[in-house]
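Make the full structure from the sequences, and use the hints.
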Amino acid sequence: MRSVLVINPAAGGGLAAKVAGAVAGHLRAVSRVRVVVAPDAAATSEAAAEAVADGVDVLAVLGGDGVVNLALQSCARSSTALAVIPAGTGNDLARALGVPSNPVLASRAAAEAMTRGERRRIDLGRVVGGGWFATVLCAGFDSMVSARANRMRWPRGRRRYDLAVLRELAGLRPMPLRVETASELLELDACWVAVGNTAWYGSGIPICPDADPSDGQFDVTVVGEVSRRELLRILPGMCSGDHVRHPAVRTLRAAAVRLGGDNGWFGYADGEPQARLPLGVRCERAALEVVGPS
Numbered sequence: 010m011r012s013v014l015v016i017n018p019a020a021g022g023g024l025a026a027k028v029a030g031a032v033a034g035h036l037r038a039v040s041r042v043r044v045v046v047a048p049d050a051a052a053t054s055e056a057a058a059e060a061v062a063d064g065v066d067v068l069a070v071l072g073g074d075g076v077v078n079l080a081l082q083s084c085a086r087s088s089t090a091l092a093v094i095p096a097g098t099g100n101d102l103a104r105a106l107g108v109p110s111n112p113v114l115a116s117r118a119a120a121e122a123m124t125r126g127e128r129r130r131i132d133l134g135r136v137v138g139g140g141w142f143a144t145v146l147c148a149g150f151d152s153m154v155s156a157r158a159n160r161m162r163w164p165r166g167r168r169r170y171d172l173a174v175l176r177e178l179a180g181l182r183p184m185p186l187r188v189e190t191a192s193e194l195l196e197l198d199a200c201w202v203a204v205g206n207t208a209w210y211g212s213g214i215p216i217c218p219d220a221d222p223s224d225g226q227f228d229v230t231v232v233g234e235v236s237r238r239e240l241l242r243i244l245p246g247m248c249s250g251d252h253v254r255h256p257a258v259r260t261l262r263a264a265a266v267r268l269g270g271d272n273g274w275f276g277y278a279d280g281e282p283q284a285r286l287p288l289g290v291r292c293e294r295a296a297l298e299v300v301g302p303s
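Residues in the sequence shown are numbered consecutively from 10, following my numbering.
Treat the hints with care, since some could be wrong.
[Claimed, not checked] Each computed SDA-like pair below joins lysine to any residue, with the alpha-carbon atoms no more than 25 Å apart:
(1) K27 x R41
(2) K27 x D63
(3) K27 x V42
Honestly, the hints are just simulated from the structure, not real lab data.
Here it is in structure tokens:
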């Protein structure tokens, strides 16, 4: 078996660099491994593209959701399986896949799965005219929070997202939103919209709590017009998924969604900027093979 391990040494405030030797050791025990240290997005994309073009069996990535997003642009619809070794601040795809949060334990589990030949296919989202995403595409208040959180260097994990929420609250203003699926049309003033292939974003917030990356459909969560005070009441419930019961929250399910409205919102997917609305997204069934049991 041949594999490539791509490492983002800065992920997790340097955590990836600290555990890289142990992670590589676990993978070397079960395959021939080529290790690539990729200090930036361009190097990561290049390494992933080369690995898939070379036909390696497994592309393992040691880093956060941003590195995973870059890797799946090459792995999607290929015969190369992706192994996620989480070492970032969010690790939301790893969470959805049931991968251990500790990167050393995750690499050991990946090596064991590789030995047993355990792989499965999951759905991916795709922005029409754009790239792939694995977790959630969002627009509105939460995408502004994502943009702010990406610019922050402290604190780490969920606390960074929580602080970004508080700072963006001052500018909260519901805007016109149009959500169109094959069977439904919503036109309303809204605070944000999230299109989930998996449940979590923002370091473990289950914004689309029932999303399943193997059912061929997105779960869509729309937060309608609410005041700042009411939003503060909704936010604690987001930690458990109870926010979907609030009367201002609407949920839909669809294989394709088009988002629009005169709002100037920018879409973020897997925490990465995509395009300004209007934009369309499709759920591409079984588009990615991942290492691990069903």
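Tested hints:
The hinted pair formed by K27 and R41 meets the criterion: a straight-line CA distance of about 22 Å does not exceed 25 Å. For the given pair, K27 sits about 28 Å from D63 by alpha-carbon distance, which is inconsistent with the 25 Å threshold. For the given pair, K27 sits about 18 Å from V42 by alpha-carbon distance, which is consistent with the 25 Å threshold.
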